[in-house]
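Take the given structure of chain A and dock chain B to it, following the hints.
If you read the sequences in order, they're chains A and B. Under my numbering, the letters of the first sequence match residues -18 to 93, in that order. Under my numbering, the letters of the second sequence match residues 387 to 495, in that order.
Since the hints were derived computationally from the structure, they do not count as laboratory data. Even glycine gets a Cβ: it sits at the ideal position worked out from N, Cα and C. There's no promise every hint is true.
[As the list claims (entries may be wrong)] Non-contacting residues of chain A with respect to chain B, defined by C-beta distances greater than 12 Å in every case (computed):
| no. | residue |
| --- | --- |
| 1 | 7 |
| 2 | 31 |
| 3 | 45 |
| 4 | 48 |
| 5 | 79 |
| 6 | 82 |
[Claimed, not checked] List time: in silico PhoX-like cross-link candidates among lysine-lysine, alpha-carbon distance up to 25 Å:
| no. | chain 1 | residue 1 | chain 2 | residue 2 |
| --- | --- | --- | --- | --- |
| 7 | B | 428 | B | 487 |
| 8 | B | 443 | A | 38 |
| 9 | B | 482 | A | 38 |
| 10 | B | 487 | B | 443 |
| 11 | B | 487 | B | 455 |
| 12 | A | 52 | B | 482 |
| 13 | B | 428 | A | -10 |
| 14 | B | 465 | B | 445 |
| 15 | B | 454 | B | 465 |
| 16 | B | 428 | B | 445 |
| 17 | B | 482 | B | 465 |
| 18 | A | -10 | B | 487 |
| 19 | B | 482 | B | 455 |
| 20 | B | 455 | B | 445 |
| 21 | B | 465 | B | 449 |
[To be verified] Selected chain A positions facing chain B (in silico; Cβ < 8 Å):
| no. | residue |
| --- | --- |
| 22 | 19 |
| 23 | 71 |
| 24 | 77 |
| 25 | 85 |
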Amino acid sequence: NAGVTQTPKFQVLKTGQSMTLQCAQDMNHNSMYWYRQDPGMGLRLIYYSASEGTTDKGEVPNGYNVSRLNKREFSLRLESAAPSQTSVYFCASSPRETREQYFGPGTRLTVT
Amino acid sequence: EDQVTQSPEALRLQEGESSSLNCSYTVSGLRGLFWYRQDPGKGPEFLFTLYSAGEEKEKERLKATLTKKESFLHITAPKPEDSATYLCAVLGPDDKIIFGKGTRLHILP
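Next up, chain A with everything else stripped away, as it sits in the complex (with noise of 0.2 Å):
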């Protein structure tokens, strides 16, 4: 098993362009979510899916958007990347009933 699986690993954007981080994860959990983490001020929740065909908003959501394309896909979308935006985004997977999470290895995004 992969566990959760994240793309790309590095990216470098110039500010006002847009891209797409893409999540996927083998284990089978219903909900997923987005974190973004800085320095000094922890994990901070962008999105999350509680299961297939939702998605609300966690403590961060301005400026992005997601989808959850199936059970194991669940995507985040910068349409105007700004230089705010530059972090390390992680996406983590839980089973519904117990709710530990499970991280992927992290996008490190930098918006110039």
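This is chain B only, laid out in the frame that chain A set:
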């Protein structure tokens, strides 16, 4: 406002020197408390879930305990490979998960 506070922010120990990390929370109606380990440049790795006060979980040199207001991660006779950032997260009644900012642990050989 629900909060999760971890202390200390950073801790340096000699190999074999036991200590504890603290996670205090203000969430009412706790549904679960989670501990994770994060190595530099990697995603957090799940360690333990605790559900109720008095519960304890152990894994190798780590033992997690839970009270009504806080959790401790006890590290017994640590080794350099235990060096990492340890994160605590709580699940409240509103189904939201809140992470603390973590404790950076460095074990000196």
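Task: Least C-beta distance between residue 31 (chain A) and chain B, which was stated to exceed 12 Å - done: 8 Å, violated
- [ ] Decide if the proposed pair is consistent with the structure: residue 465 (chain B) and residue 449 (chain B), CA atoms, cutoff 25 Å inclusive.
- [x] 15 Å, holds
Task: Restraint status (C-alpha distance of residue 487 (chain B) to residue 455 (chain B) at most 25 Å) - done: 17 Å, holds
Open item on the list: Does residue 445 (chain B) sit within 25 Å of residue 428 (chain B), going by the straight-line distance between their CA atoms?
Closed with: 21 Å, holds
- [ ] Would you mind confirming whether the straight-line C-alpha gap from residue 443 (chain B) to residue 38 (chain A) stays at or under 25 Å?
- [x] 32 Å, violated
Task: Least C-beta distance from residue 48 (chain A) to chain B larger than 12 Å - done: Residue 48 (chain A) clear of chain B: closest Cβ-Cβ about 21 Å, beyond 12 Å.
Open item on the list: Just to be careful, I want the Cα atoms of residue 487 (chain B) and residue 443 (chain B) compared with a cutoff of 25 Å; is the pair within it?
Closed with: Between residue 487 (chain B) and residue 443 (chain B) the Cα gap is close to 22 Å, so the pair holds against 25 Å.
- [ ] With 12 Å as the threshold, tell me whether residue 45 (chain A) passes as away from chain B on beta-carbon distances.
- [x] Nearest chain B Cβ is 17 Å from residue 45 (chain A), so the label holds.
TODO: Mind checking the alpha carbons of residue 465 (chain B) and residue 445 (chain B) for me, to see if they're no more than 25 Å apart?
DONE: Answer holds: residue 465 (chain B) to residue 445 (chain B) is near 14 Å, not above 25 Å.
- [ ] Report holds if the minimum CB distance from residue 82 (chain A) to chain B is greater than 12 Å, and violated otherwise.
- [x] 7 Å, violated
Open item on the list: Verify this label for me: residue 7 (chain A) is non-interface relative to chain B, using a Cβ-Cβ cutoff of 12 Å.
Closed with: 15 Å, holds
Open item on the list: Checking one constraint from the list: CA of residue 455 (chain B) to CA of residue 445 (chain B), max 25 Å. Satisfied?
Closed with: 23 Å, holds
Going down the numbered hints, you'll see the structure goes against 2, 5, 6, 8, 15, 17, 22 and 24, while the others check out.
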